[in-house]
Amino acid sequence: MGALGFILDATEGERSWRLAEYVKRGGYGALKKIIHEKIPVDQIVGELKKSSLRGRGGAGFPTGLKWSFMPRQFPGAKYVVCNSDEGEPGTFKDRDILRWNPHMVIEGMIIAGYAMGCQRGYNYIHGEIWEIYKRFEEALEEARAANLLGNNILGSDFSFELQAHHGYGAYICGEETALLESIEGKKGQPRFKPPFPASFGLYGKPTTINNTETFASVPYIINEGGDKFLELGKPNNGGTKLFSVSGHVNRPGNFEVPMGTPFKDLLEMAGGMRGGRKLKAVIPGGSSAPVLPADIMMECTLDFDSIAKAGSMLGSGAVIVMDETTCMVRALERLSYFYFEESCGQCTPCREGTGWLYRVVHRIEHGEGRPEDLDLLNSVTDNIMGRTICALGDAASMPVKSFIKHFGAEFEYHIQNKKCLVPEDVQRTGSGFFKAA
Amino acid sequence: MLSQESRNQIDRETAKYPAEQKQSAVMAALAIMQAERGWLSTETIGDVAAYLGMAPVAVYEVASFYNMYDLAPVGKYKITVCTNLPCALSGGVHAADYLKQKLGVDFNETTTDGKFTLKEGECMGACGDAPVMLVNNVRMCSFMQPGQIDRLLEECT
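Protein sequences appear in the order of chains A and B.
Just so you know, we're using the working numbering here: the first sequence kicks off at 2 and counts up by one.
Just so you know, we're using the working numbering here: the second sequence kicks off at 9 and counts up by one.
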């Protein structure tokens, strides 16, 4: 299959991330067009709305609408923030975008600054990817030297400064208000909303936060028009999108495909199932998205609406593939441990509830499950969901609910027989949970 | 007391933020000091607090919240292995087991010669490269099968 997308696919070949290469590929053309043709702000936001670009970080909120929430006439500082704190298990697209095409993100952020009247921006980069952070800082230096950042950009009266902020290992900082707290030099605990960041954001000023891939989509929309972007995908789900495929496939990696691509095509692009084994389950949108059994997933197309209809979420486009050798109890145990470890501790239902979820799944996995445990798990999730400041509580609950819903028989078998429905020797052949025989 | 070199590094970070928001540089300042001193003692946290004009407890709150700060001494090489689900499906747990065996330590332990500390990590955002490990918070190593792990350990002198 040829190149379908414009973010990573555009860099194929030499893969130089440098400014000169980006410009050679037409980079910063959208910014130049806006500045030289003095394109009105309304038109920029209008194109975004037309494009049907929906946030690529997980929530899928329409970007044009988000930008229109920023107060136009606000007299003081306003901020643009990029969320590159990519730590949702299964997601690894933003790292590749920043690695191979950092200037596309920078250009998108400058345009955002222009459209929303912001003077400053920050890109919050995941703690574990130090090398990528350093590269992004170098890319910023290149952009400053070329007067694409700083005062009077390209001779206009628009000035915009952009900096990188390096995280240091906290999943919760991917939540936008926790991220703002973190930039302010505090522990990353989410804020109560409202007020939303568009009215009270970074340092209490109006702020818009978008995901890395969202910003990277902006130059294309300005260059080619919102309609063309929309046509790349399908109605209400514009554009191409990066899907991170991990787990039991032959070729894990990022694939940039049109929204609405059938899942089975993506699976084929990822080299098919490892060892030719049978697909058992897929988590289609990062670890927080409900798991779907193979038969449902194979009928899905990859877009917000189709995955939602199937009972899950497109999320960040992180597709975790599990084959028939996988014990679903063991898989859930590891995810539940993650949410327990990463709960920020602010809200009681999440702080205590994630511990309960982990301990109960752990005891089922270890042959100490009790007959009432599945009801207990569902009751704990019911008492977490909707009762916390941020979505981490829901994110911890949805895997538990969906694993039990679709693979309840495996949990019951574990509880009754003190062992796994998938025999250990079968797990050893592929799952990754046990050493190969 | 902070060395002149670390002051310079911290100043570069402070300059990224509005003048009245020096506290925004606290995460970077702690990372800089951890790289220089190996870990963050109460004294180091106090030094950072004094330099940024923050209450020591506010700095401690940050240092104890984020996973990559070390509030106790670690070996010369801290190796963090991701064992989260996507990595586990592609050998993350095996890689951690191999390291444990090879180094003779469990997670959160340091080899007797003080050279290696092993940590269990959460998602590093590199699931496609599993097994993935991070050395001293700055060097990410991808596709770490036993052969690659052997080579990595040899490089750590």
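Treat each hint with caution, since some may be false.
[Claimed, not checked] Below 25 angstroms or equal to it, Euclidean Cα-Cα: the simulated SDA-like pairs (lysine to any residue) are:
1. B:Lys30 with A:Glu185
2. B:Lys24 with A:Ser200
3. A:Lys187 with B:Glu117
4. B:Lys30 with A:Lys436
5. A:Lys135 with B:Val146
6. A:Lys135 with B:Glu163
7. B:Lys108 with A:Gln428
8. B:Lys30 with A:Trp131
9. A:Lys188 with B:Ala57
10. A:Lys194 with B:Lys86
11. A:Lys187 with B:Trp47
12. B:Lys123 with B:Pro64
13. A:Lys279 with B:His102
14. A:Lys187 with B:Ala23
15. B:Lys24 with A:Arg429
16. B:Lys127 with A:Gly356
17. B:Lys30 with A:Lys402
18. A:Lys187 with B:Ala36
19. B:Lys84 with B:Ala63
20. A:Lys188 with B:Glu128
21. B:Lys24 with A:Glu143
22. B:Lys24 with A:Gln190
23. A:Lys436 with B:Ala43
24. A:Lys187 with B:Asp19
25. A:Lys188 with B:Leu111
26. B:Lys108 with A:Lys187
27. A:Lys436 with B:Gln29
28. A:Lys206 with B:Lys24
29. B:Lys86 with B:Leu111
30. B:Lys24 with A:Arg100
31. A:Lys402 with A:Lys436
32. A:Lys188 with B:Lys108
[Said to hold, decoys possible] Pulled a few chain A residues facing chain B out of the computed Cβ check, cut under 7 angstroms:
33. Arg96
34. Asn148
35. Asn153
36. Gly156
37. Ser160
38. Phe161
39. Glu182
40. Ile184
Hints listed in this document are in silico derivations from the structure and should not be mistaken for laboratory results.
By construction, the Cβ of each residue, glycine as well, lies at the ideal position given by its N, Cα and C atoms.
Hints numbered earlier in the text: which of these fail when held up against the supplied structure? Violated hints: 3, 4, 10, 12, 15, 17, 19, 23, 25, 26, 27, 31, 32, 34, 35, 36, 37, 38, 39; rest satisfied.
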